[in-house]
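Chains as they are written, first to last, in the working numbering: chain A, 407 to 650; chain B, 407 to 650.
It is possible that some hints are incorrect.
Pairs involving identical chains hold if they fit within one copy or between any two copies, as the list cannot separate such chains.
The calculated SDA-like cross-link candidates involving lysine to any residue, where the alpha carbons are at most 20 Å apart (straight line), are [as the list claims (entries may be wrong)]:
| id | residue 1 | residue 2 |
| --- | --- | --- |
| 1 | Lys625 | Arg463 |
| 2 | Lys617 | Gln531 |
| 3 | Lys425 | Phe437 |
| 4 | Lys456 | Leu590 |
FYI, nobody ran anything at the bench for these hints, they're computed from the structure.
Each chain, written out:
2 protein chains.
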Amino acid sequence: MSEIPLSHPRRISLETRAKLTDGVRQGITSFDGLIAHGRGEAFDYLLGEKTHGFAERAIDAAAALLISAKHAVISVNGNAAALVPRELGALSEILGKPLEVNLFHASRDRELKIREHLLVHGARQILLPDEDFVITGLASNRRFVNGQGIYRADVIFVPLEDGDRCEALIQSGRKVITIDLNPLSRTARAATITIVDNIVRALPLLLDRVKAPLEDLLKDYDNSRTLREAEAVLRDRKSMEFKL
Amino acid sequence: MSEIPLSHPRRISLETRAKLTDGVRQGITSFDGLIAHGRGEAFDYLLGEKTHGFAERAIDAAAALLISAKHAVISVNGNAAALVPRELGALSEILGKPLEVNLFHASRDRELKIREHLLVHGARQILLPDEDFVITGLASNRRFVNGQGIYRADVIFVPLEDGDRCEALIQSGRKVITIDLNPLSRTARAATITIVDNIVRALPLLLDRVKAPLEDLLKDYDNSRTLREAEAVLRDRKSMEFKL
């Protein structure tokens, strides 16, 4: 990773970028993943680059849903693996639920490299897609899933999901928790719980909340309220004050 | 370039992305350029992915300034070269002003590949940076310029500029025309003329306007009005209606 001065005003943002460009060099992250990250970066900027109350509530509700799920799975793509590998592994271990590698841009090589990267960062249960198990209604490579993972899951946590797959998973009767910085996206609108926050801030918070007793977590959660509040912040003058 | 169905609702956006990921494969575009593009994509989305009146006025004013400049130079980076090489070459030829390769992430190899790419697409005058000529007040690689190009230029057209360099160029007394989808960025605010539009839409329009007689072009231009109007669109409910 290239050196970023400690004093740099956009240090966290630049370090996050460096994790992804390193991810590309390691064969984990795709070129398109970099573009998608840039898009998220702009929304994060418009949201003031902080975790809002609506995100905290969504994280709390996500923790409750993950703990109480029968078969929860954490779906991992090339950006999530590059940005928060340690947190994903820890989440999997604490919950006792597997990670499953699932990529938009098909590549067995990248799947294996992501698995290796997650193992190095402490994950133990890592499933890979299997062409025998398919999510119906999807054209992309993301339709292939693992028979012991997403295929039989009732709850899927997919940080950084695409709209088509989110809709297909919901259509299939599964519950989906996602992280999406754009509250207007199809993913954000289709998901059961949408954490409108940067994955690098949200994952450590989620990791903390899944350690809480279930009864301490949120019982009443309204995702449409989350999206309305996030959209209001997006349009708020104050959150746009600082510069890229 | 990968195949994108003609009917795809986000075809132009996906084709634009494919030009950049191809640019990376060709050694023209940097990884960081992909992230920067994604950020611009989000702002374009919020602006409704169309050329607004404020951008048309800025393009008109930019044409007038380029025509009337004593020593104008068109500064080209890895994203501009990948996205609009033909238009950059044509602009250079019509104006009789040189292109100059100028990269944030230093790489002689990439400079040479960009020059080659521009030559293939019809450009003829292409300058490269020279370590003997420096723009003061800049730490990045972008401080090095060509003695016959940016160094002696009174007007610089830099689509896709960074804030530091835009401010340094303005400080040095030069006039800067830029294309920036974020009207709140330091570049957008520092530049003499800010075209708040997608480079793939703006360049063909600019190319058309520089062919107009100088007297037909805009005389009174107020960049702060452009930025105010662009910001108002960014916050307008209607422009955010469609989904990514």
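For each hint, the structure was consulted:
Taking identical chains as interchangeable, the C-alpha atoms of lysine 625 and arginine 463 lie at most 20 Å apart only when both belong to the same chain, with a minimum of 10 Å there against 53 Å between chains. Taking CA atoms no more than 20 Å apart as the test, lysine 617 paired with glutamine 531 passes inside one copy only; the shortest distance there is 19 Å, against 63 Å between copies. In the homo-oligomer, the alpha carbons of lysine 425 and phenylalanine 437 lie at most 20 Å apart both inside one protomer (13 Å) and across protomers (12 Å), since each shortest distance falls under that limit. For the identical chains of this complex, lysine 456 and leucine 590 are neighbours both inside a copy (18 Å) and across copies (19 Å), given an alpha-carbon limit of 20 Å.
Of the numbered hints given earlier, the model fails none.
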